[in-house]
Amino acid sequence: MSHRPYGLLAELTHRCPLHCPYCSNPTQLSARESELGTAEWQRVLHEAAELGVLQAGFSGGEPLIRDDLAELVRAARGAGLYTNLITSALGLTPARIRELREAGLESVQISLQADEPSLADRIAGAKAHAQKLEAARLVRESGLALSLNFVLHRLNIARLESMISLAEELGAERVELAQTQWYGWAFLNRETLMPTRAQITEAARIASAAKARLAGRMEIFYVLPDYFGDRPKPCLHGWGRRFLTVNPTGEVLPCPTARAIPALRFENVRERPLRWIWDESESFNRFRGTEWMPEPCQSCELREIDFGGCRCQAALLTGDPASTDPTCSLSPHHHLIGEATAAAEKVATEARDGFVPRRNPSAINE
Amino acid sequence: MSARSLTSVPTLAARVRLQIDRVTGKPVLLYPEGVLELNETAGEVLKLCDGQRTVAKIIAALAAEFEATGDELTTDVLACLAELRGRNLVTT
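Residue numbers (this note's numbering), protein chains in the order written: chain A, 2 to 367; chain B, 617 to 708.
Any given hint could be a false lead.
Partial selection, computed: residues in chain B whose CB lies under 8 Å from chain A [to be verified]: (1) L628; (2) Q635; (3) K642; (4) E649; (5) L652.
Simulated from the structure, these hints should not be mistaken for lab results.
Since we're looking at a predicted model, the values are computed, not measured.
Note that CB positions come from ideal geometry on N, CA and C, so glycine has one too.
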């Protein structure tokens with residue numbers, strides 16, 4: 002096996018205090034009772050490090066909901082992994098920050114929904130914004146690395162300039178201006194959340210000006226959304242090539258949204274060693290390399306640059322995970338993208354902004 | 617090369633960690649959301665970036681350790697530090 006993973010995304014739980022309509026978690030959320038336990042996660046982290054993983058991201062849902070988070074951070078550091086917490090920051094109290102720091106946590110990424118409090122709270126479906134700002138300040142004071150993440154969509158993208166200013170004010174070292182990825186809950190809300198082309202053009206201009214202005218002070222990460230470009234995103238730099246995700250119930254996924262591919266069966270860390278799953282499993286090998294590719298990918302000179310795009314998106318939009326990602330203008334299904342952006346333009350002119358909030362698994366299952 | 621570049625004291629940026637990759641046995645830098653695989657020169661330079669040594673002392677230490685001399689080593693070390701500074705992984 003020539004590839005080894007560099008990054009592990011540990012989705013500790015699907016429980017979350019927020020209800021963001023752009024969430025890319027699956028719409029079938031896992032209940033608390035089915036989550037991996039502390040010892041199981043400790044073993045997973047250890048096995049990941051043995052396999053070559055260097056970075057661990059603790060995510061969810063909201064990872065702070067797990068009381069054993071500090072123990073898991075300690076296990077990750079003990080195994081030599083770099084540790085990132087990806088959080089809503091709800092529950093990130095001074096005591097919790099101290100506990101996590103002592104356990105070896107190195108970096109915190111806090112999500113913000115907008116700069117303006119009432120809009121941010123409306124998107125989050127909870128009174129959260131003020132707590133997030135306070136938590137960001139505490140993280141900064143503690144000396145941990147601070148990244149902020151704004152997920153962009155039609156309800157907040159017009160405020161991009163102010164969102165970047167807020168990140169500056171909070172002293173973040175890095176800000177991700179992430180495009181909504183149309184999976185899970187976000188896919189349900191695609192019509193109401195997708196920006197218009199004019200908004201995307203304006204956002205790109207603002208992001209690139211801010212990048213130049215803040216060079217050396219704050220790193221800005223902005224990527225043109227694939228629905229508005231000609232070529233697909235090089236999803237995770239190839240299937241089963243650099244990253245793996247373990248979901249709350251222990252399923253190992255080549256991509257965090259791979260559950261969107263009904264045709265694949267994913268192995269579970271409760272039944273198989275991580276190394277076997279990475280090296281041998283059908284799910285990890287199905288789209289590795291270039292052999293599986295159809296035309297126009299097979300003879301495309303970009304096939305090892307963009308890897309045919311995103312398998313989950315191909316499955317979601319065409320029903321066939323082995324088809325070319327429809328965001329590529331060479332895809333026979335590319336018209337689906339034009340139809341989706343046109344539908345969003347139409348809804349935007351009608352000024353409709355109702356959305357389906359993400360639910361909480363505990364509210365459904367407990 | 618400027619005089620300043622030889623008298624500055626480079627250190628790893630906060631929250632950046634130097635580690636040996638157990639798969640390749642080579643040095644890597646770990647930082648939020650990223651991994652940088654280093655070549656041997658960069659690894660040796662960074663081991664000496666302890667917040668005490670100047671660039672000139674780092675070059676002297678490497679010269680002694682690898683029995684290397686001259687401009688080539690100086691050029692390599694300065695280029696390596698400039699690149700890492702450009703990526704905000706080293707501060708001076």
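Comparing the hints with the structure gives:
| no. | hint | in the structure |
| --- | --- | --- |
| 1 | L628 | violated, 13 Å |
| 2 | Q635 | holds, 6 Å |
| 3 | K642 | violated, 12 Å |
| 4 | E649 | holds, 7 Å |
| 5 | L652 | violated, 10 Å |
Figure legend: structure checked against the earlier numbered hints; hints not met, in rising order: 1, 3, 5.
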